[in-house]
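Chain E is fixed; fit chain H onto it per the hints.
Listed here are the chains, written in short residue letters.
Protein chains: 2
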Amino acid sequence: MNAYLLSVGDELLIGQTVNTNASFISEKLTQIGVNVENQTSIGDNENQMLQKFREAFDYYDLIIVTGGLGPTHDDITKKSIVKFFDTELVMNNEVLGDITSFFQKRGRVVTPSNKDQALVPNIGEVIRNSRGTAPGIWIEKDDRIFISLPGVPFEMENMIESFVIPNLIEKLDGNTNSILTTNLLTTGIPESILFERLGNLDELLEGAKMAFLPNQFGVRMRITVSESTREATKDKMTQIEQKIRTLAGRYIYGKNDDTLESVVAKLLGERGLTIAVAESCTGGLISNRLTNISGSSSYFERAFITYSNGAKVEHLKIDEDLVQKYGAVSLEVARLMADGVKAVSGTDIGLAATGIMGPTGATPDKPVGLVYIGICDEKMCTAREFRFGDSRLMNKDRASQAALEILRRHLLGIPYEE
Amino acid sequence: MNAYLLSVGDELLIGQTVNTNASFISEKLTQIGVNVENQTSIGDNENQMLQKFREAFDYYDLIIVTGGLGPTHDDITKKSIVKFFDTELVMNNEVLGDITSFFQKRGRVVTPSNKDQALVPNIGEVIRNSRGTAPGIWIEKDDRIFISLPGVPFEMENMIESFVIPNLIEKLDGNTNSILTTNLLTTGIPESILFERLGNLDELLEGAKMAFLPNQFGVRMRITVSESTREATKDKMTQIEQKIRTLAGRYIYGKNDDTLESVVAKLLGERGLTIAVAESCTGGLISNRLTNISGSSSYFERAFITYSNGAKVEHLKIDEDLVQKYGAVSLEVARLMADGVKAVSGTDIGLAATGIMGPTGATPDKPVGLVYIGICDEKMCTAREFRFGDSRLMNKDRASQAALEILRRHLLGIPYEE
Chain E
31 MNAYLLSVGD ELLIGQTVNT NASFISEKLT QIGVNVENQT SIGDNENQML
81 QKFREAFDYY DLIIVTGGLG PTHDDITKKS IVKFFDTELV MNNEVLGDIT
131 SFFQKRGRVV TPSNKDQALV PNIGEVIRNS RGTAPGIWIE KDDRIFISLP
181 GVPFEMENMI ESFVIPNLIE KLDGNTNSIL TTNLLTTGIP ESILFERLGN
231 LDELLEGAKM AFLPNQFGVR MRITVSESTR EATKDKMTQI EQKIRTLAGR
281 YIYGKNDDTL ESVVAKLLGE RGLTIAVAES CTGGLISNRL TNISGSSSYF
331 ERAFITYSNG AKVEHLKIDE DLVQKYGAVS LEVARLMADG VKAVSGTDIG
381 LAATGIMGPT GATPDKPVGL VYIGICDEKM CTAREFRFGD SRLMNKDRAS
431 QAALEILRRH LLGIPYEE
Chain H
31 MNAYLLSVGD ELLIGQTVNT NASFISEKLT QIGVNVENQT SIGDNENQML
81 QKFREAFDYY DLIIVTGGLG PTHDDITKKS IVKFFDTELV MNNEVLGDIT
131 SFFQKRGRVV TPSNKDQALV PNIGEVIRNS RGTAPGIWIE KDDRIFISLP
181 GVPFEMENMI ESFVIPNLIE KLDGNTNSIL TTNLLTTGIP ESILFERLGN
231 LDELLEGAKM AFLPNQFGVR MRITVSESTR EATKDKMTQI EQKIRTLAGR
281 YIYGKNDDTL ESVVAKLLGE RGLTIAVAES CTGGLISNRL TNISGSSSYF
331 ERAFITYSNG AKVEHLKIDE DLVQKYGAVS LEVARLMADG VKAVSGTDIG
381 LAATGIMGPT GATPDKPVGL VYIGICDEKM CTAREFRFGD SRLMNKDRAS
431 QAALEILRRH LLGIPYEE
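Protein chains in written order, with our numbering: chain E, 31 to 448; chain H, 31 to 448.
Heads up, a few of these hints could be off.
Copies of the same chain look alike in the list, so a pair counts if it works inside one copy or between any two.
When the alpha-carbon atoms are kept at most 30 Å apart in a straight line, the in silico BS3-like pairs for lysine-lysine are as follows [stated by the list, open to error]:
(1) K296 x K396
(2) K145 x K171
(3) K239 x K145
(4) K396 x K135
(5) K135 x K355
(6) K239 x K109
(7) K58 x K296
(8) K113 x K239
Hints are computed from structural coordinates only; laboratory data are not their basis.
This is chain E alone, in the form it adopts within the complex (with noise of 0.2 Å):
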């Protein structure tokens, strides 16, 4: 099955909005073995709209269009079908109750112009919107699938997530070779020892696809798994999983969709543990992590944050002579801002982060990037030192995952030491 992705959306054209919706799509549809030829971005015409509905009708078994359907732009892209299709719309009663109950939920008045969303072609199925108020389309005709999205990308994923790709893969069932990809999720670790770690790939992969993709927090492997039945695609996953996790298993934090807060929160829950934490030059967003994940608050009992050493001194009851001593960013001070905020706040787990975020506040003994994470419970306290760049909101990205990945190694009693 062979795909042509169409954005409209004069936002696109003009460079306002990079064309997020078309690699999201282009990679949700590779995953299940269609093959994405053309991805075109065109404006709110309708007349270009139409000619590349025809010229996506001579080659593609699968169109996929998103954007055009909000409220307050001319309507193009509903109009557009409704002529492709030599149709017309109809109110969708279904429709009309996920709007009206979109609204009341917010408390707001269903305008005029939001019932209109719910006229839909009076052709194909409707796709419907639980994210917001532009329902989708899904049209077969002359072997062709012809579906119609909402450009938001929040309202877009969801709709290709849990209604196209399940509908896709049944249409496709038998036809193609399955495939799989696995995330794998690796942070503490350079890309190229981590290359190194794996030796020969070839060998590891035996023909299967692996790219490595870095960024500030860690170190993604993506594999690609292609073989004839879906037996075999996931035993060979299985397979290849084992081997990587034999050879870089510590450094692997989870996978796909975990985050490190969502997997320090599970090993939280799971042991019954609580925590707190000091965080200076995070200035919250280690805590901010750990209280993205629903249910946090029966782990994460509270946090200081302690830019000012007054603060550092008068509520991790650290004492001001060894800020003095040490200097607020230090082995030390970070080892007794955990061990403070453990005492004060009486949780099982204390974290602490201190450092220089840059661009300001270097001295000659300490650069800009410079950063201590300090953790302790009852058993140790210990604190470790880390070097980062000269960005500061990629510093604060990379102290953050330091801290969280520094917990999830105590937590299961993984060395942090290669």
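Chain H alone, transformed into the frame defined by chain E:
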């Protein structure tokens, strides 16, 4: 002048790479009055490329192709150009010199495949690449301009800015309008009410264009003015902006690249005021945003993330009976938290957030999305209620935005009420 952008590369079609090249080039072309009508991405496939060349030559004045020029790719763009223009490849000694010195500088050997990159189509003008090894090409034929550039953003961007744009401006001289785009950033006002406030848009804009772009942080108004001279464009933009500010100025916190935290940081700095934050439901996000700004230690004193009631009572010195009486998520406790954190920290301002972010934690009286923001200084102490949606992460974003906006209006003396 209308334009067609063709991006070449399998990595785009499997969704591995987001096409930032298309938005970059589109923005630059829009700024000089070139009308980008189509952005297309295809894989490394010669037949498809030749077909796209033919289609583009039928209709567009300007065709820009990026990608397919690397030494490790099948060099399909160069091959396709040679076929399409019926020419041949010749060694270009200037380019060969560039490539040789590029590798010498890095202490690396020039391989035969690197040398092959100095082979260029024997037509048009070479665009030299100061940041890499693949040259570009500028071809004029049949009143069309055809440009090929490497796909590596860092290399392509430099060639666009230093060669393509200046040369296009020369070609366009006098034949195009000057175009200017400004984004006005609002928060705390729904799109529909903002729209109503602005009244008759046709009268307001007098031919300029405006788009309303909402997300969880607020509504962005994008205004695009196009007039015959640069002065006329600037004057008209200034007029429109002034009119909009008269009608809805209190909701506009900044423009273009401003963030709410950068605006608030500037206001706090100018006034020499310090702030402390007490966060419950936002879990550190407000503090994280305030400390994303370099130099934040001059105004950001400390923060408490008091997830548990015990922490609220202990650190913010809130009467436990009042927490019991009103509940931790209440107008009263938000106010007490803001007042408490100000007193404990000795700052000029205290800011606080408490709420239910979901998906769990709702009670019959207090639904998911209910948030209270408190703010106090030496003269006043108040709190406001908000009702957001169902998504935990969006609710955190919205609550942090509401808190920073309340702070901004407080600093400027703008009442929060509509």
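Evaluated hints:
no.: 1; hint: K296 x K396; result: between (36 Å within a copy, 27 Å between copies)
no.: 2; hint: K145 x K171; result: within (28 Å within a copy, 51 Å between copies)
no.: 3; hint: K239 x K145; result: between (48 Å within a copy, 26 Å between copies)
no.: 4; hint: K396 x K135; result: between (52 Å within a copy, 13 Å between copies)
no.: 5; hint: K135 x K355; result: between (57 Å within a copy, 28 Å between copies)
no.: 6; hint: K239 x K109; result: between (42 Å within a copy, 22 Å between copies)
no.: 7; hint: K58 x K296; result: within (27 Å within a copy, 43 Å between copies)
no.: 8; hint: K113 x K239; result: between (42 Å within a copy, 27 Å between copies)
Against the hints set out earlier in the document, no violation occurs for any number.
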